[in-house]
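Q: Turn these sequences into a full structure, and let the hints guide you.
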Amino acid sequence: KNEVEQSPQNLTAQEGEFITINCSYSVGISALHWLQQHPGGGIVSLFMLSSGKKKHGRLIATINIQEKHSSLHITASHPRDSAVYICAVGGGATNKLIFGTGTLLAVQP
Amino acid sequence: EPEVTQTPSHQVTQMGQEVILRCVPISNHLYFYWYRQILGQKVEFLVSFYNNEISEKSEIFDDQFSVERPDGSNFTLKIRSTKLEDSAMYFCASSGPGTVQKTQYFGPGTRLLVL
Chain E
6 KNEVEQSPQN LTAQEGEFIT INCSYSVGIS ALHWLQQHPG GGIVSLFMLS SGKKKHGRLI
66 ATINIQEKHS SLHITASHPR DSAVYICAVG GGATNKLIFG TGTLLAVQP
Chain X
2 EPEVTQTPSH QVTQMGQEVI LRCVPISNHL YFYWYRQILG QKVEFLVSFY NNEISEKSEI
62 FDDQFSVERP DGSNFTLKIR STKLEDSAMY FCASSGPGTV QKTQYFGPGT RLLVL
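In order, the protein sequences belong to chains E and X. Counting in this note's numbering, the first sequence tops out at residue 114, every number present. Counting in this note's numbering, the second sequence tops out at residue 116, every number present.
Simulated coverage check for chain X against chain E, where a stretch passes if three residues somewhere in it have a Cβ under 8 Å from a Cβ of chain E:
#, segment
1, 26-36
2, 44-53
3, 109-116
Taking CB as the label site, the calculated pair distances span:
#, chain 1, residue 1, chain 2, residue 2, range
4, E, V32, X, I55, 19 to 29 Å
5, E, G97, X, I21, 23 to 33 Å
6, E, T80, X, E54, 42 to 52 Å
7, X, P3, E, H83, 20 to 30 Å
8, X, G17, E, K58, 48 to 58 Å
9, X, S67, E, F23, 42 to 52 Å
10, E, E72, X, I21, 37 to 47 Å
If you are wondering where the hints come from, they were derived from the structure by calculation, not from laboratory data. Beta carbons are placed, not taken as given, at the ideal position from N, Cα and C, and that holds for glycine.
A: Structure (structure tokens):
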């Protein structure tokens, strides 16, 4: 069983739609990370959170530590949001990241 | 804004050859990582490095792999004798200073192809 599970694996949305990507994990963590990977391959960190909720522009990330679950929301989605969104959990003495398989999001105009 | 850089962006090599992937972490960071992503698969942890020594390594990081911080700025990953299955995108990341529990900043990656 994967330590980090994401759903859905693929998501197609129309421009302007509200999008939710879910992440569940089974290990103890210090923090959960949401990352964005563009077709060229580069990875950008969006959020690091260990409790509650964080917001940056149209992106909102929430985490429920008791349920070991996090969600990434995108409001008023736009074609430029099209990317792979990856959930990763960090912890331990080195804070190595354990990655989910990612969610491929395509936002159509 | 400071960023992590990696060179080369692409490398093609023959099986059995040695390759060195280079990374320049953000200058005041203290914690360094290598990850890899085989095409179509998830990103996997290889190794973490702190205070000039390996702090953790995965099962993937066998004797064919080594890391070094030869000077104050570069952080390298060496694969001694490449195999076909080493073909992947390799990402360097760094974080810090202060506690290790911080956002990791990723480099753009090196795409390695072993023929």
